[in-house]
Every structure is written in structure tokens, then in C-alpha cells.
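Asks: The residues making up each chain are set out below.
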Amino acid sequence: MQPLKTDIRKKGKDPWSKELKKSWPLYVLCIPALVCVLIFAYGPMVGLVMAFQDYKPWLGISGSAWIGWDNFARIFQYKEATQAITNTLIIAVIKIVVGIVVPIIMAILLSEIRNMGIKKSIQTLVYLPHFLSWVTVAGIMIDLLGLDGGINHMLTQVFGIQPVYFLGDPVLFRPTVIISDLWKNFGFGMIVYLAVITGIDPSYYEAAEIDGASRWQQIRHVTLPSMLPMIIVIATLSLGNILDAGFDQIFNLYNPLVYSTGDIIDTYVYRSSLLNGQYGFGTAVGLFKSGISFVLIVISYRIAYKVANYKIF
Amino acid sequence: MYHKSKGYKIFSFFNYICLILIALSCFLPMLHLLAQSLSSKSAINGNLVSFWPVDFNMDAYAKTFRNTNFTGSMQISVFRTVLGTLISMFVITTAGYALSKDFRGRNVLMWIFIFTMLFSGGLIPSYILVTKLGFKDTIWSLVLPGAFGAYNLILIMNFFKTIPKALEEAAFIDGASFFVIFRKIYLPLSLPGLATVGLFIMVGHWNAWFDGILYMSSTENYPLASFLQTVVVQGSAQSMALSQSEAAALSEQSIKAAQIFISTLPIILVYPFLQKYFVKGIVLGAVKE
Chain H
1 MQPLKTDIRK KGKDPWSKEL KKSWPLYVLC IPALVCVLIF AYGPMVGLVM
51 AFQDYKPWLG ISGSAWIGWD NFARIFQYKE ATQAITNTLI IAVIKIVVGI
101 VVPIIMAILL SEIRNMGIKK SIQTLVYLPH FLSWVTVAGI MIDLLGLDGG
151 INHMLTQVFG IQPVYFLGDP VLFRPTVIIS DLWKNFGFGM IVYLAVITGI
201 DPSYYEAAEI DGASRWQQIR HVTLPSMLPM IIVIATLSLG NILDAGFDQI
251 FNLYNPLVYS TGDIIDTYVY RSSLLNGQYG FGTAVGLFKS GISFVLIVIS
301 YRIAYKVANY KIF
Chain Z
1001 MYHKSKGYKI FSFFNYICLI LIALSCFLPM LHLLAQSLSS KSAINGNLVS
1051 FWPVDFNMDA YAKTFRNTNF TGSMQISVFR TVLGTLISMF VITTAGYALS
1101 KDFRGRNVLM WIFIFTMLFS GGLIPSYILV TKLGFKDTIW SLVLPGAFGA
1151 YNLILIMNFF KTIPKALEEA AFIDGASFFV IFRKIYLPLS LPGLATVGLF
1201 IMVGHWNAWF DGILYMSSTE NYPLASFLQT VVVQGSAQSM ALSQSEAAAL
1251 SEQSIKAAQI FISTLPIILV YPFLQKYFVK GIVLGAVKE
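Chains H and Z supply the protein sequences, listed in that same order. The first sequence lines up with residues 1 to 313 when you count with the numbering used here. The second sequence lines up with residues 1001 to 1289 when you count with the numbering used here.
FYI, nobody ran anything at the bench for these hints, they're computed from the structure. Ideal Cβ placement from N, Cα and C applies to all residues, glycine included. It cannot be assumed that every hint is accurate.
Calculated cross-link-like contacts (lysine to aspartate or glutamate; reagent style DMTMM-like; alpha-carbon spacing at most 25 Å) [unchecked claim]:
hint, chain 1, residue 1, chain 2, residue 2
1, Z, Lys1184, Z, Asp1174
2, Z, Lys1009, H, Asp211
3, Z, Lys1184, Z, Glu1169
4, H, Lys21, Z, Asp1102
5, Z, Lys1276, H, Glu112
6, Z, Lys1101, Z, Glu1220
7, Z, Lys1165, H, Asp70
8, Z, Lys1004, H, Asp211
9, H, Lys18, Z, Glu1169
10, Z, Lys1165, Z, Glu1252
11, Z, Lys1161, Z, Asp1102
12, Z, Lys1004, H, Glu80
13, H, Lys22, Z, Asp1055
14, H, Lys56, H, Glu80
Away from chain Z, derived, C-beta distances all over 12 Å, residues of chain H [claimed, not checked]:
hint, residue
15, Ile39
16, Phe40
17, Ala65
18, Ile113
19, Thr136
20, Ile161
21, Pro170
22, Gly240
23, Asp248
24, Ser272
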């Protein structure tokens, strides 16, 4: 019998000419995406050479002077730059830890809700903030956390405390950022854990119950171990995000008063390059970040694959 | 057994209370915004508005819709969202269909796409590229650079892979080409998947604010989210700096609230549909069998 046209799974067997004749439509279908990616994802990578130049917009990449690693050396000389790197690490690490622990706890607590109507309503409400843009959330935050905003109004009226300047105090800025990020995203992070809990075979719980396990013991010895592979995958994968502290959020919430604790790499790149015209330096900081992130992502994917057999596709 | 224990009952009670309060906290800020937008200036200035309008009036909305900057930005946002979603969906579904098949060089292509998730040229080179291409101040700067997304490609690919191969084989025997199969079998059958990804892309476009600020040199060309950024965030930064004008800025609070609320309305309206699908989408993206 003639092999079917679709039977093209034996890789590397057919010569290119035959393969092209058979699956040329598939190559054609890839062209739009390939063009997009080559221009808008790989195109800017060519521009990364600016990191090694004293880039002047009017001279362009071909005309600007080469200065080797000077821009990178400057990253460690400028106090603002090292400060931004430190801030990024601190904010991102706390966000990652809190952003994993809280959704796990919330998923477990939510799975204890037996009333399906209430459970569904809670779910619907907690996912909602994730779909609001940071501009919207910042608008709400600025209003609520301002000196005469709702929170301060409550603090002064009910507790008699002096108004607190949440977004203008270097000490309070980080907790504010972390809590608002948590508020926006914990519901969304919860989805996967909830799916895992729903997927646990009920007979485990029945067996545990016959053995006299309390609910707490069931959570400790059945629920948590069942969630562990997913927790490990998500924790390892977030290693790659350790230099992403959330540009959208910080940019919309920060101000010069809190640069010392709130300025992150991405906001610093924006200010130093697009606002102050140091294109080469800004690109160098960006490349520094992308380079380290890339290494971390590759490592984290490797670990996730080794530990939990996770594949990207 | 544990259901009946006294300890569990107490836990359960507090669990309900706690989770309901947390859930409300996710929704009340929006309600507060709505109440502010429908309240009078004096009520807002007196901090009297919580979750219910005081001195109900629609002035803020009337004023907002008379503001040509606002309505213009809204038109740009609608246009951008429709055009951007169509382009993105075209790019992603075509490639997603092809890559859900096995053919020579597929893995190389896949890695070319995946690599964009791992490494990028960064802000400045992208900005210069878009400028060099002459897209500055045009809608193309908003819809083309982000048209392709590797994560969405993977989602779509996985949806396509769930369609039985036998359907395709039968179509081949009937003489259909890959293009016909893609259009007549894969697209209609994966509509829920396409809806999920499509809604994600739509929300992304509607909410995007930074590219507008970056690529539009005139605020008249700002999409709604960028316009709001200037009003809500930059506006408040100015009023923070000038404490004297704070009172004046505050009286604008109900207009600000109205603007934020209107801009969020489309999200809240598509949210029920979004929610129906996205849980499946996320789990599919995160859990691999």
C-alpha cells in the first residue's frame, strides 16, 4: 500500500527535495511568524552591538565609536546602577517567594470550601485583578494610599495614627510594591495549584481517613506531597525571572523619593537611556540583564526537566 | 469523619470568612472607583465615599465623553485591539498549525521561535529598530512588534495537537491540501482554544500603555491606556510635587475615576467569557503530561 501523505514522521529519511514537495505548505505557513520573529525579536539583537559603542543617534550604529567594555564597567561604577541591580534582586526574590507560598496556601484553603457556589464566586473574584492593567491598579493605589486617601483616612480616624506616605517613603515602598503585586496576581497563580488539588485521587483521602488522619494530617501527607512536583517546577522556572522585578508596576508607582529602594534595572534603563540619552550605556545594562537572565533560564529549565521531567513544548 | 470534629468546624467557619473577605478585597477597589465616579466633588473631598455613590450624578461621565483626547484615545485603542488581535492570531495560528505536524526542520524552526522567550534585544535596540522602520507615530509600532508570542504559539500548538489525526488523514484521502485542512478542519474545531488565546491577546492590547508612550510623540496618538497613564500616574506625580494644587487635583478625582472605570469596562465585560476558558489555557500551558 502507498504510504499516506501524512506519514512523514520518519525524520531525516527523505531528501530535502522530496520533503519540500510533500510539506511545502507547512513551510509556507511558518513564514508570517518567521518574518515577525526575525524582524522584531532577532532584529533588535543586532542592535545590541550598541552596548560596545559610544552610541550617538545622529551617527547611527555604523558611525558611532567603539569603546569595548567601557559601558559594562560603568555599570559597576555608577552607584545608581548597582543600587538598581540590588533593588531588582531584593524585590524580585521576595515577590517570587511570596508569589509561590501565598497561592499554595490559598489553593489549599479554597479546596476546603465545600459550597460550590461560594467557591466559584471566590475564584471569579480573586482572578479579576490580574486582568486589570498596572495603570489601572496604580490609579487605584495612588488614590487609596495617598496622604488623604482611604487607607490613611481609616488609619487616622480609627487608630489615630499619623498619615503614612506609602508610595513616598523609601522604607515602605518595597512592602507596598510586594503586597500590591501579590494582590494583583495571587488568584492567577492559584489556578495551577487548584488544578493539581482537584486532580488528586479521592481514594488517598479516604484511605487516610480510615487510618484516622485528621484534616491537617491529610493536607500534610496527601495534599502537599501531591503538589510538590508542580511547586518544584514553578519554583525552578521562576529562577529565570530573578532580574524581573516588574517594570509596569514600579514605573507606575515610583517617584524620585523612593529611587533608593524602588528603582529597578528596567526603570533605570528607561531613565538613563531614553530620558538621558545614554543609549549605549542603557543597552549595556539591558544586555547585562538579558545575558544573566538567559543563563538562569537555561539552568532553571534544565533543573525542571531533570527533577520533574518538565518540557517547554 | 473530620468534617464532624469541632476543630474542623471552627476552622471551616474562619476559612469561609477569611476567603470571602480576601475575595471582596479583589473587587471592592473597583466598586470604590465606580462610587467615586458617580459622586459629587464635595463628597469625595470630604472622604465620604466608600462603596456607594454620595450625591449621585453622572457629571464625570458626561465630562469624560466630551473630552476629545479621551474619546480619540479610545478609538485608537479599539482599532489597535482589533487590528493587533487579527494580525497576532493569523501569525500564531498559521505557525501553530504547521509546527503541530512533523516535518523536516521543524525542531530548528521551533527553537528559533522558543529562543525569543529566553533572550531579547532589550528596550533601546527595539526602540531604535521601530524608529528606523519608520513605524514611529503609526499604529504599526503598536501592533507589529508584539504580534508574535512564543507562549501563545505553544498554547495554540497544543490545542491543535488534540485534534484527532484521523480527521486529517481522511481529508487527505479526499484530496484536501494542508491549507484546506487548516482552514476547514483545524480552525473550526479548535475554536475554544482560539478564543482563549484571542482573548488573552485582546486584553494585552487593550491594557498595553508603555509602547504608546514610547512610540507616539504626540499625546493625541496615545491609545487609551497610555492616555490614562499620563492622567492618572503622571498627573498625580505632579500634584504630589505641588502640594498647593493638591486640592484642585483632588476635585478631579471623580473624573479620573470615571476614566479609569470606562477603560476597564471592556475587560470586566469580556471577563466572564475569559474566565470560562483561561483556567483551561493556563493549566494546559503549565502542566505537561
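Asks: Confirm or reject each hint.
Replies: Results of checking the hints against the structure:
1. Z:Lys1184 with Z:Asp1174: Given that 25 Å is the threshold and the Cα spacing comes to 13 Å, the pair holds.
2. Z:Lys1009 with H:Asp211: holds (20 Å)
3. Z:Lys1184 with Z:Glu1169: OK: Lys1184 of chain Z and Glu1169 of chain Z at ~14 Å, within 25 Å.
4. H:Lys21 with Z:Asp1102: holds (15 Å)
5. Z:Lys1276 with H:Glu112: Holds - the C-alpha atoms of Glu112 of chain H and Lys1276 of chain Z are around 22 Å apart, at most 25 Å.
6. Z:Lys1101 with Z:Glu1220: violated (45 Å)
7. Z:Lys1165 with H:Asp70: violated (56 Å)
8. Z:Lys1004 with H:Asp211: Satisfied, since the Cα-Cα distance of roughly 16 Å is no more than 25 Å.
9. H:Lys18 with Z:Glu1169: holds (19 Å)
10. Z:Lys1165 with Z:Glu1252: violated (60 Å)
11. Z:Lys1161 with Z:Asp1102: holds (11 Å)
12. Z:Lys1004 with H:Glu80: Violated, because 59 Å separates the two Cα atoms, which is more than 25 Å.
13. H:Lys22 with Z:Asp1055: violated (71 Å)
14. H:Lys56 with H:Glu80: Judged against 25 Å, a Cα distance of about 22 Å means the pair holds.
15. Ile39: For Ile39 of chain H, whose nearest Cβ neighbour in chain Z is about 8 Å away, the distance does not exceed 12 Å, so it is violated.
16. Phe40: Contrary to the label, Phe40 of chain H does not stay out of reach of chain Z, its closest Cβ about 5 Å off (not over 12 Å).
17. Ala65: holds (17 Å)
18. Ile113: violated (7 Å)
19. Thr136: Given a closest Cβ separation of 5 Å, the condition is violated.
20. Ile161: Ile161 of chain H clear of chain Z: closest Cβ-Cβ about 16 Å, beyond 12 Å.
21. Pro170: holds (15 Å)
22. Gly240: violated (8 Å)
23. Asp248: violated (7 Å)
24. Ser272: Nearest chain Z Cβ is 10 Å from Ser272 of chain H, so the label is violated.
This entry does not satisfy hints 6, 7, 10, 12, 13, 15, 16, 18, 19, 22, 23, 24, going by the numbered hints stated previously.
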